Amino acid sequence: MPTLWLVLIVVALGGIGFVLGRGRALASAGGDNRKLHSLPSYYGSNVAMKTIMPAMGVLVLWLIVQPFFVDATVSKLLPDAAQSEDTTLGLVMSDVRRVADGLDFAVAEGLLSPDEAQALDASSDNVRETLGAAGVALGSDVSAEVLNAAQRYRVLSATGRLFMSALVLVAALGGCAWGVKNSHMDYRARNVVEAGIEALLVTAASLAILTTFGIVLSLIFNTIEFFQRYPASEFFFSLVWSPSFGGGSELGLLPLLWGTLYISVIALLVAVPIGLFAAIYLSEYAGPKVRGVAKPLLEVLAGIPTIVYGLFALLTVGPLLMSVFGREGLGWMQAGTAVMTAGLVMGIMLIPFVSSLSDDIINAVPQAMRDGSYGLGATQSETIRQVVLPAALPGIVGAILLAASRAIGETMIVVLGAGAAARLSMNPFDAMTTVTAKIVSQLTGDADFSSPEALVAFALGMSLFVITLGLNVFALYIVRKYREQYE
Amino acid sequence: MYDAPNSERDVEVKDIKITAQGVQVYYGDTHAIKDVSVDIEDKTVTAFIGPSGCGKSTFLRCLNRMNDTIDIARVEGNILLDGEDIYDKRVDPVQLRAKVGMVFQKPNPFPKSIYDNVAYGPRIHGMAKNKADLDEIVERALKRGAIWNEVKDRLHAPGTGLSGGQQQRLCIARAVATEPEVLLMDEPCSALDPIATAQVEELIDELRRDYSVVIVTHSMQQAARVSQKTAFFHLGNLVEFGVTDKIFTNPTDPRTEAYITGRIG
Ligand SMILES: Nc1ncnc2c1ncn2[C@@H]1O[C@H](COP(=O)(O)OP(=O)(O)O)[C@@H](O)[C@H]1O
Ligand SMILES: [Mg+2]
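Protein sequence lines, in the order shown, are assigned to chains A and B. Going by our numbering, 685 is the number at position 8 of the first sequence; the sequence numbering is gapless. Going by our numbering, 137 is the number at position 121 of the second sequence; the sequence numbering is gapless.
By construction, these hints were calculated from the structure, which means they are not laboratory data. It is possible that part of the hints are untrue.
Distance ranges between label pairs, derived from CB positions [stated by the list, open to error]: (1) 151/B to 954/A: 28 to 38 Å; (2) 100/B to 970/A: 36 to 46 Å; (3) 942/A to 166/B: 26 to 36 Å; (4) 214/B to 980/A: 53 to 63 Å; (5) 58/B to 1045/A: 20 to 30 Å; (6) 954/A to 69/B: 44 to 54 Å.
Predicted model only: the values in this text are computed from it and were never measured. For every residue, glycine included, the Cβ atom is placed at its ideal position computed from N, Cα and C.
Could you put the whole structure together from the sequences, leaning on the hints where they help?
Printed below as a string of structure tokens:
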């Protein structure tokens, strides 16, 4: 039974349960809803909740666990001989899955009967051709072991699904019956629903946290795998980045980190003064009319996709800088793509980020501070420089650090604006590249995912993650400390 | 019912420091102050009393042009300080506020050290020749604010770390440090406990020797204790203005009497 149908059936059962529970509770009170402990709809919700939630829990768990179980069972069937030198168990298993899917597809299309699919024999039938006719292209001929495993795979999956459907339906019906039985006028349905809602919210929150953990774990495992194939000391201290998929690559982090930091620093040099001054103007000087127009306009800048900024860097800022610093001008610049180009454009991207955070922080400085200063005969700019900004400083520093961690993680502007050469150079008009841009280029193309040249992407991602995490934690710590001051 | 310790000192006639003539204040369309005229004497404590929302703070803020910082506020009429119109175009409101200091309802020390809080005004106005001079100004102001003994050992600790009463006296010291001629106080004790209130009241009586003090208060006992002159506001009008004793013992206007005896407020 397809999963979608299963879900719909469970939901329908929930709906029926709602009506039943509500009706039974009302009946137990003789139709007088004042005698009920809770509002009638709570009795309905109670039953619907008990029908749907456990059944869905079983469904999700089963869907997650079954593939692992089937994989583990089937891979035991494969003899070691099926793994030739240049393949691994993982690759063979993915062949098995592909063949199994192909057979499923052929059956669904009616090209094979279910029995024929299971009876196929690698020595007598040409499996590749049969599947090819169904529109499933395979890279090579199918060996007997793989075909066998694929057939076994199909059997196991089908049985698993059958059990799953049965279990889910039993859970739904059982929950429904349990809920309906409880629907009596004294039953505290309201409190139970409350607990159920809490459970739902806890599930959502833990899912968010668990996925984060999952992402970090996969980063960590792949990073460890990388360091097993490539020495960590080389990665952290080598001054050269020259990957070559033929082997003998040098994968030094430093040139990329240098490019990242150089571009980020230029971006912050642009974004911080402009963003901060804009925030001061908006929060202290601008009248309500100007503010009402300018603030949303600035925030529109924050909504522009970064690829658009990248195009702006490539097509406008790069050529503009070339005309001044390029061969016709000062001769410092070889091409439009350079650290300066990417840095300037990234700075423009960060302006609204800095200004809207700083604006909030400046506005949070109590009016009493300003009044106190004006009351002593200070001018507006004296008040801002000597009272408002010092009071807001920790928050502003926090905003700048958050902007910095965005700059470090930015990719598209760099890909289009900074060039692709990993280089340790002081000249801001040289092309350089960053950690993020190289992660993209190492994983695109037909890299072998088990080579150090591809795995290095995870080590790069991990380094970046550690840096931005550190910056964010530091920024949040500072921002929070500031909040406490006036509360 | 009210103690009136200052009666015999009021007999002498003092110079007029501030004269207000026909002052009107509007917040947008709200008419907050209606045709108020009042003379405020030098070296005297003048109290503004009245039910909340009657315009006491608004009128007080006219006296040092703090209403300029509110966009929608509009002031009409004349206010003279030593005979000069403070709303004249030639008057710099920033300079004026150095001469007419202000202390607010809630203590509002800057998030700086105690020393820097007090030195703030003198630094802005370039009142000190050198560091030693500034030290002296700060010390003198803190002594006048009756807080020197409590803070002299921790001048560089943050001003926000003091207790509420200490913070308010610090704010008074900060205002005094710019050598104002008039000190405006908007309910300076409303956020303080009774002991701190008593300390600040004592300080106000001290300050009267050098300054003209105008204090807004919602406590009639406080007005009776610290002031020599009292002005009673009601719905934006100045209902009655006169010697404090007279207002509290023998008010002429029935609204004043009603307020003092607790029938309106
Ligand atoms: N910033 C402001 N904007 C608009 N109306 C104000 C403002 N400040 C005070 N008002 C109005 O002016 C009137 C007098 O207020 P206020 O002077 O604060 O009274 P009091 O200090 O006597 O309690 C009130 O009606 C108040 O609503
Ligand atoms: Mg007030």
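Hints versus structure:
| no. | hint | verdict |
| --- | --- | --- |
| 1 | 151/B to 954/A: 28 to 38 Å | 35 Å, holds |
| 2 | 100/B to 970/A: 36 to 46 Å | 41 Å, holds |
| 3 | 942/A to 166/B: 26 to 36 Å | 47 Å, violated |
| 4 | 214/B to 980/A: 53 to 63 Å | 58 Å, holds |
| 5 | 58/B to 1045/A: 20 to 30 Å | 29 Å, holds |
| 6 | 954/A to 69/B: 44 to 54 Å | 39 Å, violated |
Against the hints set out earlier in the document, violations occur for numbers 3, 6.
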